[in-house]
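Taken in sequence, the protein lines are chains A and B.
Per our numbering, the first sequence starts with residue 8, numbered consecutively.
Per our numbering, the second sequence starts with residue 46, numbered consecutively.
If you're looking for bench data, these hints aren't it; they were derived computationally from the structure.
There could be a bad hint or two in this list.
Here are the simulated DSS-like cross-link-like pairs (lysine-lysine), alpha carbons at most 25 Å apart as the crow flies [to be verified]:
1) B:K359 to B:K157
2) B:K271 to A:K38
3) A:K38 to B:K174
4) A:K120 to B:K174
Okay, here's what each chain looks like letter by letter:
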Amino acid sequence: MNDGQSESAKPFDPFEPFRGMRDAYLDAMAKVMVDAVNSEGYAQASGVMLDAYLTASAPFREALERSMVHALEQLSLPSRQEVTALAARFTNLEMRLDDMDAKLDAIVAAQQKAAAKTAEPPKPAPDSAAAGAGARPEAADTKPPGRRGARDGKR
Amino acid sequence: MAEAAVRPDQPSQLERRLQTLSRVLTTRAQIAQTPKRMVWALNKARLFRYFPVVPAQQRHRIPLLLIFAIMNRPSILDLRPGHSFVEHMVKRGYDVYLLDWGVPGIEDQDLKFDDYALEYLPRAIRKMKAVSGVEEFSLLGWCIGAILTTIYAAMRPNDGLRNLLLLTAPLDFSNRQGLTFARWTDSKYFPLEKVLAAFGNMPGEMIDYGAKMLKPVDNFVGNYAKLWDIIDDPRAVEAWHAMNTWVTDYIPMAGGAYRQLIDDFYRKDRLMQGQLVIRGQRVDLSRVRANLFTMIAEGDHITPPCQSASIMDKVSSNDKELFRIPGGHIGIMAGSQAHKLTWPHIEQWLGARSE
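So here's chain A without its partners, still in its complex pose:
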């Protein structure tokens, strides 16, 4: 009864009759196309087309590149090659900074370890000790120390 009601309540979809036909057609086409692209013939044809495009467009690309380098020179602007070289130097600098950052992390960790070893064990009241033990790691995890956060933020 309910099924019958929901069937009759379902709005008429003008595309419904075509769905089955469409799916059958797409399935058949999908199989044909998968076989086609898996063939040596397709690999060869796509390779030839790509090679032809790249070969044909190469002279234009090179001419455009030459004129662009010339124009940038005239305008006293750096070329793409120069900007690329500069970017590589920046990355090298970043790596040096990253190494220093790691050394600072190691120093801070060693200091904290040493401080923890030398510090006298606190003797708080039992209630506050339990609360502190639970709260400290949570705070450290969700909000890192200010120094570390500041260094990260600069990037």
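Position chain B against the provided structure of chain A, taking the given hints into account.
Just chain B now, kept in the frame of chain A:
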């Protein structure tokens, strides 16, 4: 009478469908929403740490670092609230980190697997160790990310890697008949050097076109036919929209890495043959000692199952599991069944090895 009641609705229903269609095809869905903060950066790469949501006492000790492919956004791991692998793992007490390789510019065209696996990845791991305060860690590599994590695991076996999870890992290229990509990129047909000379990096659009051409009717027609079929179901439409947003976010692949992928992997199968040289050193898979979990998607047409199984016999890990699951390359982690089939299994395996 009944017909008269239905008829006036027809135009508005069609209009609504067209509006929905227009919206999902012309706008971008909000994806990668799980709260996180950046803890490290180098060039275009960024390391993110997700904010924990469970009390410290209930969290797993060993942090988990997620590594996705270099030619796609890693946001697929955090697709949308309520359907996100990252969110799932954070809710189950993992300290989750994500390495986003970023978008390579023309200045990065010489970046190679060497740089990603032995420069960027170890530095990100170093930072993760400093932030988490734990020397051991787990690595999850998916797709090309699995190649990078495997290389890292073999080259740096003493760095503290406890668990290595490889999802749909394209590692074995020996079965050339089973690999459509291998046929297309064969040196007889594919002008690799001309492509890289013309573009520097491999354009994202070309990579995407190649992936879609593996199943052209499904990807160019079937996908949109499916959208039309689900157009009246808002939840299904939002899922489609999120996935489409991720799929259409093309990223180029650094030229040097692309050259290696085609020449060293697809054409010469150097990793499995034990001939792959990274930074002057041979990558010896028998040096991988971490606990190993390999997941194979049975219906994967991008990384067919034959590419991921043979790693199990090459590594020295005592604790290893090969898990086969129905689904496709992306669907196993981001599809509608992922939260029922894939994520719980990963979580179960990792949970027992993360204390």
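Hint by hint, which ones does the structure fall short of? 3
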